[in-house]
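Q: Using the sequences and the hints, build the whole thing.
So the chains spell out like this:
4 protein chains.
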Amino acid sequence: MASGDVDAVVICTPTNTHADLIEQFARAGKAIFCEKPIDLSLERVRQCLKVVAQTGATLMIGFNRRFDPHFVAVRAAIDAGEIGKVEQVNITSRDPGLPPFEYIKVSGGIFRDMTIHDFDMARFLLGEEIVTVQAAASVLVDDKVAECDDFDTASVILTTASGRQCAISNSRRATYGYDQRIEVLGSKGMISAENHRPVSIEIANGSGFTRPPLHDFFMTRYTQAYAAEIAAFVAAINDGSAPTPSGEDGQISLTLAEAALRSVAEARVVNLSEFD
Amino acid sequence: MASGDVDAVVICTPTNTHADLIEQFARAGKAIFCEKPIDLSLERVRQCLKVVAQTGATLMIGFNRRFDPHFVAVRAAIDAGEIGKVEQVNITSRDPGLPPFEYIKVSGGIFRDMTIHDFDMARFLLGEEIVTVQAAASVLVDDKVAECDDFDTASVILTTASGRQCAISNSRRATYGYDQRIEVLGSKGMISAENHRPVSIEIANGSGFTRPPLHDFFMTRYTQAYAAEIAAFVAAINDGSAPTPSGEDGQISLTLAEAALRSVAEARVVNLSEFD
Amino acid sequence: MASGDVDAVVICTPTNTHADLIEQFARAGKAIFCEKPIDLSLERVRQCLKVVAQTGATLMIGFNRRFDPHFVAVRAAIDAGEIGKVEQVNITSRDPGLPPFEYIKVSGGIFRDMTIHDFDMARFLLGEEIVTVQAAASVLVDDKVAECDDFDTASVILTTASGRQCAISNSRRATYGYDQRIEVLGSKGMISAENHRPVSIEIANGSGFTRPPLHDFFMTRYTQAYAAEIAAFVAAINDGSAPTPSGEDGQISLTLAEAALRSVAEARVVNLSEFD
Amino acid sequence: MASGDVDAVVICTPTNTHADLIEQFARAGKAIFCEKPIDLSLERVRQCLKVVAQTGATLMIGFNRRFDPHFVAVRAAIDAGEIGKVEQVNITSRDPGLPPFEYIKVSGGIFRDMTIHDFDMARFLLGEEIVTVQAAASVLVDDKVAECDDFDTASVILTTASGRQCAISNSRRATYGYDQRIEVLGSKGMISAENHRPVSIEIANGSGFTRPPLHDFFMTRYTQAYAAEIAAFVAAINDGSAPTPSGEDGQISLTLAEAALRSVAEARVVNLSEFD
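Protein chains in written order, with our numbering: chain A, 7 to 282; chain B, 7 to 282; chain C, 7 to 282; chain D, 7 to 282.
Each hint should be verified, as a subset may be incorrect.
A pair counts as met if it fits within one copy or between any two copies, since identical chains are not told apart.
[Claimed, not checked] Using 20 Å as the maximum straight-line C-alpha spacing, the simulated EDC-like pairs for lysine to aspartate or glutamate come out as follows:
| no. | residue 1 | residue 2 |
| --- | --- | --- |
| 1 | K91 | D148 |
| 2 | K194 | D148 |
| 3 | K194 | D222 |
| 4 | K42 | E29 |
| 5 | K194 | D149 |
Because the hints were derived from the structure by calculation, they are not lab data. Note that the structure is predicted; figures quoted are calculated from it, not measured.
A: Structure representation (structure tokens):
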């Protein structure tokens with residue numbers, strides 16, 4: 007931290023160390039890349055970002071999917087006007103299996119740990135800020151998830167001020183691999199990103215036509231995204247610009263997770279303004 | 007109605023005539039096939055079904071999609087245990103364009119007119135009765151829809167007692183054709199029905215690889231389903247069995263539409279038991 | 007044949023009766039639809055067509071694939087100039103299994119019985135008459151096919167005067183169903199017709215993503231084509247036009263089959279002019 | 007060449023320098039990776055490989071496609087018996103456009119320059135050595151190609167001793183990108199490798215469903231293959247094994263190109279034994 011040789015740091019430690027490390031490195035004048043989430047407590051995130059703002063530190067939060075070339079192409083097509091005004095975003099995001107229960111217990115729950123990526127992707131694609139959240143969440147995969155006070159299956163609807171909608175479909179059990187798809191319906195058309203597949207082969211026989219399962223998980227699915235993400239961080243440092251996703255992006259996605267939890271608990275639509 | 011030559015009738019008249027006609031034909035001892043919905047008023051539906059029950063008439067409601075060979079294959083695979091226990095059903099159901107405003111005004115609104123098909127399909131696939139409904143609905147296609155006190159874009163989440171979920175994505179504007187897709191995630195796998203396409207061709211050039219748009223609407227998309235539906239009605243009459251979807255199926259789907267409307271109006275999760 | 011009530015006949019009898027029946031019905035003034043081939047002997051076909059010409063009879067030969075809506079769409083796109091000038095046609099045409107050996111013995115062999123459909127399709131799509139034929143043929147499926155003096159696996163290259171090429175890939179054993187695909191490369195793009203599939207479903211699990219096998223054979227694959235074919239025959243009779251495929255079309259495809267056989271026997275490129 | 011620091015060399019110079027360089031580096035005791043072809047003259051290739059054999063040098067020829075992960079998966083499935091005995095291999099291999107005419111003049115022609123990759127892939131997949139070659143070749147893209155005494159469009163059929171067949175479809179003009187597909191039909195099923203696509207997106211609107219064009223050419227299409235190829239070369243050096251594709255593999259593919267040229271010139275099937 008005191009070293010003059012180090013301009014920037016990449017924080018990949020457990021979540022409960024993120025905010026402290028960000029503050030320390032910010033005060034040390036380092037540019038900071040930190041894996042999501044900044045913290046599981048929204049209040050702690052706010053404090054941390056205040057320090058970042060005061061020190062003027064460069065902070066980028068690791069929402070890797072914004073850098074996936076397929077999703078980048080989706081966003082580029084939207085920006086180019088190819089589907090007109092965005093109306094509905096549909097995100098299917100399913101893990102191949104449950105993480106270890108030790109991890110689940112400290113993860114903050116499915117919304118803060120898993121759906122948070124989809125919340126960020128929704129914001130990346132909707133073109134307007136989200137104002138309401140409603141969600142359903144269940145334990146269908148393993149009863150032990152309920153013992154951890156968590157869910158393993160969730161459906162979420164988000165809306166923006168003008169009425170744009172995003173629906174997210176989450177499960178912790180996709181036997182066919184890591185399922186990561188996006189569709190965006192606009193006034194002039196629809197753009198979709200199908201699952202990226204490890205190989206392009208298909209075997210046909212009396213049982214039908216079979217393509218192999220999807221990637222086993224994020225490390226192989228998002229290899230290109232991770233490389234592009236770090237490259238974007240370095241580029242931002244080099245040209246002195248503010249990298250995205252920013253600390254605020256991280257805070258908003260965490261707020262959406264909080265809102266989803268509250269929606270499930272209270273069986274109602276939750277307005278983000280409740281968290282101001 | 008008095009004719010002894012006629013054993014069965016098919017009612018395809020405007021919705022506001024359905025309940026009266028069903029009652030008259032039921033009393034006349036005819037087997038009745040009636041296009042959905044029985045009526046826009048849940049109370050009127052209840053009365054009508056009481057008459058049907060008292061007369062012992064045979065009544066089948068026209069939810070054509072249950073007879074589509076692709077969706078039938080989905081249901082058959084579920085019944086055969088190929089994907090294990092159903093956990094999430096995702097239905098994408100989008101019309102190519104708005105119906106005439108004269109029709110919208112008397113349609114009962116998007117949930118009673120359009121989503122009602124998806125509610126029935128959800129029930130066809132979930133394997134458990136639905137207990138909660140939550141929805142978001144917007145006017146994004148044409149402001150005149152709001153003047154009709156209706157919506158043109160909707161997202162819905164349904165849940166069953168054990169926590170199974172169904173998400174429905176509706177729009178009245180799919181520039182690429184009549185979009186009718188279903189995915190069912192189960193404990194052992196996923197089964198999906200892609201859009202049925204009019205032709206299997208694709209043209210590739212410097213602009214990319216292009217397949218033609220989807221069917222223009224339900225008449226061409228569901229040709230096979232309509233034929234199979236009527237055949238099922240006739241078969242039920244011939245062997246004296248009770249046809250499905252039944253009048254009760256029609257009533258439940260209409261109740262789900264009512265619940266969706268209430269959910270939007272009150273920004274909360276609505277329990278079906280509120281309608282008992 | 008003498009009946010004044012009958013204007014037209016459809017001949018679906020065994021091949022060795024076709025030429026005689028065509029001549030008799032032609033002399034009786036009936037419009038004739040006859041399943042391919044007219045005869046296994048090119049000389050007999052020539053005689054028969056001479057009778058047809060002399061009587062002025064209407065004759066249509068049953069190359070059903072020209073009426074398949076998918077292949078019709080391919081041809082329409084070519085005619086509309088969407089892929090520019092045709093350069094290469096690639097036809098994959100594989101049967102699910104061997105026919106009975108009793109049939110093979112009288113079938114005239116794979117080129118006259120099976121590839122003949124692909125020869126007609128090549129002519130339908132190339133936009134120029136074929137001038138050369140070269141082929142390779144093997145027995146890979148069952149040694150008994152060799153005992154019948156036939157082949158079960160074949161690859162053929164056809165060329166036109168300007169150098170357009172067509173490649174045909176035939177097998178009598180496609181374990182995954184009746185494989186019927188076409189690709190046409192042109193100066194401005196490519197158009198392809200993928201296999202038409204019985205249902206649009208796909209099941210995903212730990213073994214991968216599986217779509218069901220193809221149609222079991224021509225009766226289910228070409229249902230629409232058969233209906234459109236007969237409708238075209240009737241329409242031609244009604245408006246007094248000459249139906250296609252004509253008797254000459256039948257003769258040319260049979261000549262291509264002869265040329266393919268000669269190519270295999272003599273290990274050389276065969277020019278169609280050798281058959282004048 | 008004299009440097010003791012250098013164990014291995016990679017030769018990517020123009021073709022007419024390959025054989026000389028291979029011989030020099032072989033005598034200098036270096037391990038050699040050389041881009042295909044070794045030389046355009048079969049006689050020169052034989053001399054060169056004699057030197058390699060005498061010096062005991064390690065030589066690997068750059069047929070990059072053998073290292074493409076998709077084609078590797080095809081071969082692995084065949085080796086695992088998933089499609090039974092190989093019967094037909096179909097290779098579609100089309101360049102997006104003509105190379106410069108200066109290059110065409112020294113390239114040795116389409117068979118030695120372009121199809122040679124497909125010949126190697128055919129050998130990689132057929133599971134038996136090729137014994138006959140027949141081909142058709144035309145100039146359809148640009149008349150200047152004829153002035154260079156070359157072709158731009160070709161179709162080839164290869165057969166093995168037991169009658170296995172491979173069909174190759176080549177064009178120097180695929181407006182939709184670099185088209186690289188493989189299908190292998192076996193006694194128990196078919197395995198195919200579809201084109202690898204740069205992005206997984208699709209845009210749908212009133213014009214249909216459009217996926218972007220293919221990779222622009224081999225540098226982007228085969229990035230992974232090139233990396234794996236060099237890694238295999240290094241691994242072979244490290245463990246002292248003989249790398250493949252070998253010099254003999256290079257010689258055989260060149261012989262197949264010679265045979266294809268002779269087939270076109272003499273309008274007949276050419277047996278590889280003619281080149282012994």
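Q: All hints, please: hold or fail.
A: So, going through the hints one by one against the coordinates:
For the homomeric pair K91 and D148, the shortest alpha-carbon distance between copies (13 Å) is at most 20 Å, but the shortest distance inside one copy (40 Å) is not. In this assembly of identical chains, the alpha carbons of K194 and D148 lie at most 20 Å apart only when taken from different copies (13 Å versus 42 Å within one copy). Taking identical chains as interchangeable, the C-alpha atoms of K194 and D222 lie at most 20 Å apart only when they sit on different chains, with a minimum of 16 Å there against 35 Å within one chain. Taking the shortest alpha-carbon separations for K42 and E29, only the intra-copy value of 15 Å comes in at or below 20 Å, while the best inter-copy value is 57 Å.
For a Cα distance limit of 20 Å, the shortest separation of K194 from D149 across copies, 17 Å, qualifies, whereas the shortest one inside one copy, 44 Å, does not.
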